[in-house]
Structures are given as C-alpha cells and as structure tokens.
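Engineer: Can you make the complete structure from the sequences, with help from the hints?
Protein chains in written order, with this note's numbering: chain A, 1 to 235; chain S, 1001 to 1651.
Quick caveat, the hints were computed from the structure, so don't treat them as lab data. Just so you know, not all the hints are guaranteed correct.
[To be verified] Take a look, some chain S residues computed to stay more than 10 Å from chain A by CB distance:
| id | residue |
| --- | --- |
| 1 | Glu-1065 |
| 2 | Tyr-1225 |
| 3 | Gly-1489 |
| 4 | Ile-1494 |
| 5 | Thr-1509 |
| 6 | Lys-1536 |
| 7 | Ile-1588 |
[As the list claims (entries may be wrong)] Cut-off 27 Å, straight-line C-alpha distance, at most; resulting in silico cross-link-like pairs (DSS-like, lysine-lysine):
| id | chain 1 | residue 1 | chain 2 | residue 2 |
| --- | --- | --- | --- | --- |
| 8 | S | Lys-1395 | A | Lys-90 |
| 9 | S | Lys-1242 | A | Lys-156 |
| 10 | A | Lys-19 | S | Lys-1168 |
| 11 | S | Lys-1296 | A | Lys-24 |
| 12 | A | Lys-28 | S | Lys-1296 |
| 13 | S | Lys-1137 | S | Lys-1168 |
| 14 | S | Lys-1251 | A | Lys-140 |
| 15 | S | Lys-1251 | A | Lys-156 |
[Unchecked claim] Calculated from the model, a selection of chain S residues having no Cβ within reach of chain A, i.e. all distances over 10 Å:
| id | residue |
| --- | --- |
| 16 | Gly-1017 |
| 17 | Val-1107 |
| 18 | Asp-1145 |
| 19 | Lys-1146 |
| 20 | Lys-1168 |
| 21 | Asn-1273 |
| 22 | Asp-1327 |
| 23 | Thr-1383 |
| 24 | Phe-1387 |
| 25 | Met-1492 |
| 26 | Asn-1553 |
| 27 | Ile-1566 |
| 28 | Ser-1612 |
| 29 | Ala-1615 |
| 30 | Ile-1644 |
On a predicted model such as this, the values are computed, not experimentally measured, just so you know. Note that the Cβ used here is the ideal one computed from N, Cα and C, for glycine as well.
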Amino acid sequence: MSMKHRPNSIEEYLEAIYKLSEGKRDIKTTELAEFMGIKPSSVTEMLKKLAELGYVEYLPYKGVRLTGKGERLGRRITRRHRLYEIFLWKILGKKPDDVHEEACKAEHGVSDETDILLCRFLGAPSRCPHGSIVPACDLKVSTCEDCETVGTNMVKRDDEVRPIAWLNEGSSGVIKFIRGDSRVLRRLIDLGLTPGTRIHILRKAPLNGPVEILVRGSRLALGSDIAANIFVSDV
Amino acid sequence: MIHRHIAHTQIQRSKGGILIALAGNANVGKSVIFNYLTGSHQVIGNWPGKTVELAIGRLKYRDKEITIVDLPGIYSLTTYSQEEAVTREFITEMKPDIVINVVDATVLERNLYFTIQLLEMGAPIIICLNQMDVAEKQGLDIDVDKISSILGVPVIPTVAIKGIGLDKLMETAINYRHRHAKPPTYSEDIERIIKILVSKINKSKLDTSYPPRFIAIKMLEGDPYIMDVVAREDPDLIEHVKLLAMELEEKYGEPLYSVIASQRYRIIAKIINEAVRRRAVKADILYYIDRITTHKVFGILISTGVLITLLLWTFYIGDFLSTILEDLVSVIAPVEPDITGSLIDTMINGAIGGIVAGITLVIPYVIPFYLFLAVMEDSGIMTRIAFMIDTFMHKLGLHGKAVIPIILGYGCNVPAIFSTRILETRRERVIASLAITLVPCSARTVVILGLAAAFLGIEAALSLYAINIAIVVAVGYLVSRIYPGETPGLIMEIHQLRIPSPRVVFRQTLHRTLSIIYLVFPIYIIGSASVQALYKLGVLEPINTALSPITSNLLGLPPATGTLFIFGFIRKELILLLLPQVLGTFNIPLVLTATQIFTIALVSMLYIPCVSTVAALSKEFGWRDTIIISIVNILVAITAGSIIYHMLTLL
Ligand SMILES: Nc1nc2c(ncn2[C@@H]2O[C@H](COP(=O)(O)OP(=O)(O)OP(=O)(O)O)[C@@H](O)[C@H]2O)c(=O)[nH]1
Ligand SMILES: [Mg+2]
Ligand SMILES: [Zn+2]
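Structural biologist: So this is what it looks like as structure tokens:
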C-alpha cells in the first residue's frame, strides 16, 4: 500500500477503510495504521476529522466504522482503483505487480461517467489482477443489460450494496444487482434469485471457495466467481 | 438443431396405448418412480443431473398399454441447456397424453416455477408431490387440495421410495389425460402485451407446435430458439416484440425475463402462503452430519476421508473375497495354461481360465466398489464433496461438480463420460472426460490388484493409486492451460442429506454388477480361448515384434507383453487374464521382475481407453476429440511407464 503521495487525503483513508472492511464492520486503528503505513497517532487524528465530516463513526478503543456516506465514497474510489488496475493489466498489458501505483494516482482524477464507460469497455469485470472484487457501481440497475441499454446519467442507487462473497455465515441480504453474463444471470433467475429476493448465507467453503445460500427455501452452492457478482443490500 | 435429440430414440405409442412423461426439477424422484413402475434400472442417487437422456419404459396398467418416458431434470423451459431443449421438444413433438410433473415437496417454491411453465406450454399435467416423508420430518404441513384448486390440476402426494401413492398417481394420470388447465396470469401491463402478441401470432403464418401464448411469453423472455424461428418466418413480429419489451423494461428498470420470472415467483409465493404451514421441529442427526460435511476443516477431512475409504474398502474387501473365491475355484481350475494338446484342448483350457478369472476377479472387486458408490450416491455426500473441492478443481479448469463424474469413473468410465453432461461447457466436459479415462475403473483396479497387490504387496498397489492421482492432476492442469476458454462458476443445488435407502443401494449394486458380468464373461472366455489358440498357431509373434521398440526398449518388458496391450484395448482385465498365457506360466514372479510387474500394472492403468469408452467418447465428442484423448492416454502411459522403469532400475 503506497499512500505516500497524499497521506492525509480523505479519499485514501476511506478507500483503505473500505478495503479492510470486506467481510467485517469494525476496523481497529492499529490495523488501519499498519495497512496504510502511517503512525497510529496521526491515523487517530484523521479519523476524528472523518467522524466530524460524517464519513465514519469513530469509537475510541473499538475502532472505526464507515457511515453510509463514507461507504459510498470508499466504494467509489476502491472500484475506480480496481477498474484501472484491470485496464492497465488486461488492455495495456502491464504486469499485475506494476499496476497498483498508477491506479492509486488515477483513482482521484477521473469522473463518474468515465468509470461507467471504463467498466462497460472492460465487460463489467469482477476481480482486479490481485483477485479482489470490484465493487458495484452507483447506478440503479439490477443487471448489466440495463446499464448497456441506457445512458450514463441514470438514477443513482439509494442503498449501499455488497457482493455476497463478503458476507459472513449466518447473515442475509436482499438481491439488488447481479453483474455479468446474461446466460449465468438467467440461470440464477430461474433458480429464484430475482431482484428483491432475500438470501441467507449458510456456509462458506475455505480458501475462497463456494458459498452456500438459502433462497426461496432451497439451498444452492455458488462458486466464488458467482458470489462476487451477486450484490445485496441490508447486510 | 432441435429435432436432432429425439429423432434417434424410438418412442412408439402402441395402438390405443398411453404415453406418459415424467418431468420436473433435478433430483426430485422421477427415476425412482420410473423404476418402480416399469422395473427398469435408471440411476438413482441424491445429486442433481443423473438422468441425462430420455429413458423409455413400458408397463401394463388395468389392461392399458402404457409407455413412460423419464426426462432429465431441469429448472426452466427456456432452451439454454441441452436438457431443457430435450424436454421441451419431447413435450411438443411427442404430445404425451399426460405429463406427470414430479415435484419435491421440500423445495416447493422452486419446483412450482417449472410447473407454471409447463402450464404455459399447454401440456396436460398432474402434479406428483413427492418426498412427503421428508417434508413431514421438516415440519412442513402442505394443504394438497389447496394447491390443486389454485392451479386447477390434480395433486397426488407420494413417497416414491416406498411406493406410497404411486397407484393413485397412475390412476389419476390415466383419468386426467388430455385435460389442460389454464396457466396463471401476469400483471395487467404484461397481459396486455401478451394479448397483442397472441393476436399477431394467430394472424401470422408462424408454424410451430407451441400454443400462441407460450410463444408470446417466450419471445418476451428472449428465448433463443423461439426468437430464431420467428426471425426466419416473420421478422416484423420480432421488431414489434422489441418495441413492446422496451416499453416495459423502461417501466420496470429490469430486463423483461427478470420481470416475468419475478412475477411467476410472486404467483408461487401466494400459493405457498396459502397452502404451506411450517411447524418448528428439532434438528435431527442428519442436520449435524450435514453441517460437519461442509465445515471448513472437517469438511475437507471428511471429503478426502470418504474418497480414500472408497479405494481402501475396494482393495481390502476385494482382496479378502478374492482369496476365498480362489481357494474355492482352485478345485476345478486348471493349474497352468496348456498349449501342448490339440487346438481344441488348448481353447478349452483357455476358456476355463477365462471363467475362473471372471469369478475370482470381477465379483470380489466390483461388488464392494459399487456397494460403497451407491451408498455415497444416495446419501448426498457427492454434492458436499463437490462443494468442498471447487477451489481445487478450478486449477484443473473444472469446477467442483466435475468431481462427481470423475468419482463415477472409478466404477466404469462409460456412464461417467455420459454424466459429464452435468457440466456446462464442452471444454469442461472434454477435460473431465480426459481425466476420467486416466482414472482406474474397476477393470483396471482388478489388474492393479491382481498384479501389484498380489505379487508386490498392497503398498505397491496403493502407490499406483497415488501416482495415478498425481498424473490426473498434472494432466488436467496442463490441458486446462492449453485448451482455451474459461471455466464457468459453480451453480449447484444442495439437497438434504439422506440415510441411503437399502433398496436403492441393493438394486443399484446388483444391476451394475450384473451388467458387468454379462459383458465380461463372454469376453473373458472368448478372449482367453482365442489368445491361447493364436499363440499355438504362432500368429502373435509379428505383433509382439512390431511393438517391441516400445515394450522392451522403453518399458523394459518382455516383447510377449505386446499382445496383452492389444487385447487390453477390448477389456482391461484381459491383460491380467492373458498374462500367464503369453508367459506360459501362472508363476509370474518366476519370469518377471518386480519392476516389470509394477510397470505392466502402471501402463495398463493409463495406456488407452477401452473399446466401450472410446465408443462413449466418440458419441459425446466426435472422433477428433476421441483420438486426441486416446493419444494423450498413450503418451502419458509411455512416459510414466518408462520413467518408472528407469527409476526403479537405477535404485
Ligand atoms: N425420503 C425420500 N427420498 C426419495 C423419495 N423419492 C426419491 N427419493 C430420493 O431422492 C433422490 C433422487 O431421486 P431420483 O429418482 O434419482 O431423482 P430424479 O428426479 O430422477 O433426478 P435426476 O435424474 O438427477 O433429475 C434419491 O436419493 C432417492 O432415493 C421419497 O419419496 N422419499
Ligand atoms: Mg433421474
Ligand atoms: Zn488490486
């Protein structure tokens, strides 16, 4: 993680907290400091500022948690970062090891519209070259087909969504968006995963393996690539 | 494309006879019902996708000639998979007098989704509400009459595994022939559009065997087959549909197929709400077993444990039974192959050897394996293993479900290759089939045990298995890098674990063993007799000489073994069976070194798919891929064999 170029930037902090909070809610200050390579004392100071601005809830000794507003911004930056990495890797042919730094810089200077166009151009990819999941976009769409048929200035989603791959065993959420290929989408929909349906996470296999879910009274195993593409809210 | 599937199956309705189809989701119990009614032997097990082709059976019921067809399990009637196409085509082309829609009472919601589509297709249906015993245990109170009155079709509760309700099912099926219920309706805006389309379809010269309402709905859902037909015969209609669909998609902000699916599920939710009550029940032992089999740590241990137990069990039980049988048979068996007498005597001597081998080899190893396999299949552990192993299988370009056909391959490669149809892409199916051909089936197990275990000890046999797994993994890994394409993600239904039904397990084991015995005994007897005769006539020498660059130079074997590998192509056990004959003695360690015995076993395990497997491969994938797979087998065998031979000689 190289954040040296702008160590205090709000965006960098929110991105870092967002990345750390895949799969859990509360992030410890020390954890964040270590992840960003910054002294814990300066991190604490910045977190207080972020709390004042309404991006995080800061709980002394327990750590920090993103608010809705903070999660939204953190997600956008993280998403842009990963899309750029994919662009540099897949399209320009750079090595996965060489894409992080540049993506770090690009992520702060690009418009939302460009993000959407980049995502379409790359074919709505699921994972960055390092295997992390690309978060969902802001558009109020339930499939990528919707995005293709309408322009870029669409209605924004009003709730935050996360891929079910990040949910813990025992939690649940309501399907808002399924990314990717329409063949897979149709299979999922036939099996009852229509937008608005609640799904429960029953089991996660080890080593980034499949997720077992309960949907409409039936149990389904979904591979990690598919679990990375099903986004739910209300986590 | 569509008409191909049924053309080659001969489904004949006898005069005045009745044609019944069994249709429904995967793993609901269709084949249990089919077997019960017709006395057939369709594969039964607790994992989805066992029946991959139409199965046809006949029975007489109250003086009526009845033909029943068991269809593959599917979830939708949109032609995205071959199984869906088969079912849809069967129903429209063959026009069964009644479709029995088999439904799993424990996953009613998803099952009724298919029911609604059957109704839309205009098929005459009755519902068989199966697995009522499991539903009862899970605390589901289902108001059967309510479902029946809402959908307007008879609903018969059954416990197929015990035959409960099946008589009533048949009676109802016969009484309700040709009665079509009305499909449920969608929201007003969609119905309005369906109506417009139906009147257009009625006016157009569109020639399909589907009802207009079904065509209208499928066009809105973007069904590829229907769209194709319409585009050819009435292109204006397509434009019209696109316009109408766009209007609705804008309104809902979702693709129309998703809107339609949601509405179907809404209709079903209403039915469930009115007809199903859930009582709280205590979790039973199966629940805990289920949790453990997919546990992060124990799950992996259990999965590997089960697979290792399967192999060890076959080994030890087989070895034990084999010794007993050998003692019994040795009373009548000839001690040595004998080619000194007349040609007839020689052949009789060989034929007896074949019979003895059949008894002492096939029965002891095949029965325990199939017994264990049937237990595994019917318990539902297969899907748990697939779940746990998914990440690993991705390294081989496959997903977790591919482990199921591969396990079946340890029994017999042929059905295993057909069951690769549970995989989504041709690429996966070819890679899985290649893996299957390398896996030692029961025939090769017999060779491994009869040679390695018998003469070198059980450790040698086990190390052959270990080498085999390493080879399968390495080949899978390499081939998945070379073969272009992506591996689709895993989507697999998980069904409740069950205590395997003794009846199912027993019948399945018996049937599989018998079909091997029918196949194997004639081959053994004829093969053994003819080799002995050919030997006496001196015909085999040229073959052995031709193959000797491979057999003697690369593998360090006596040239006489060339004959073995030629005959082994017919049936792998022939290698073991004919070995004493080509060597002229049963006392094999006298003429072969330990290294040579090990090498023969290793090469036999890998060197080529047998005739039946080649036939299965070419049926599924055509000759090109079959030849490629066979060549890979040969190369792998020669490479592995010569490496092992040279390594062991150096030691
Ligand atoms: N307890 C119980 N188990 C049943 C009943 N009917 C079927 N089974 C079990 O359900 C599983 C599936 O049965 P099959 O007949 O193979 O299912 P199928 O519908 O033919 O499945 P596919 O061919 O895969 O589509 C097996 O393990 C059966 O033993 C029932 O009424 N009660
Ligand atoms: Mg079946
Ligand atoms: Zn990355």
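Engineer: So, for every hint listed, does it hold in this structure?
Structural biologist: Cross-check of the supplied hints:
| no. | hint | in the structure |
| --- | --- | --- |
| 1 | Glu-1065 | holds, 36 Å |
| 2 | Tyr-1225 | holds, 14 Å |
| 3 | Gly-1489 | violated, 4 Å |
| 4 | Ile-1494 | violated, 4 Å |
| 5 | Thr-1509 | holds, 28 Å |
| 6 | Lys-1536 | holds, 59 Å |
| 7 | Ile-1588 | holds, 45 Å |
| 8 | S:Lys-1395 x A:Lys-90 | holds, 21 Å |
| 9 | S:Lys-1242 x A:Lys-156 | holds, 26 Å |
| 10 | A:Lys-19 x S:Lys-1168 | violated, 60 Å |
| 11 | S:Lys-1296 x A:Lys-24 | holds, 18 Å |
| 12 | A:Lys-28 x S:Lys-1296 | holds, 26 Å |
| 13 | S:Lys-1137 x S:Lys-1168 | holds, 23 Å |
| 14 | S:Lys-1251 x A:Lys-140 | holds, 13 Å |
| 15 | S:Lys-1251 x A:Lys-156 | holds, 16 Å |
| 16 | Gly-1017 | holds, 34 Å |
| 17 | Val-1107 | violated, 4 Å |
| 18 | Asp-1145 | holds, 21 Å |
| 19 | Lys-1146 | holds, 17 Å |
| 20 | Lys-1168 | holds, 26 Å |
| 21 | Asn-1273 | holds, 12 Å |
| 22 | Asp-1327 | holds, 48 Å |
| 23 | Thr-1383 | violated, 7 Å |
| 24 | Phe-1387 | violated, 5 Å |
| 25 | Met-1492 | violated, 5 Å |
| 26 | Asn-1553 | holds, 45 Å |
| 27 | Ile-1566 | holds, 43 Å |
| 28 | Ser-1612 | holds, 32 Å |
| 29 | Ala-1615 | holds, 31 Å |
| 30 | Ile-1644 | holds, 32 Å |
In the structure shown, a violation is registered for the earlier hints numbered 3, 4, 10, 17, 23, 24, 25, in ascending order.
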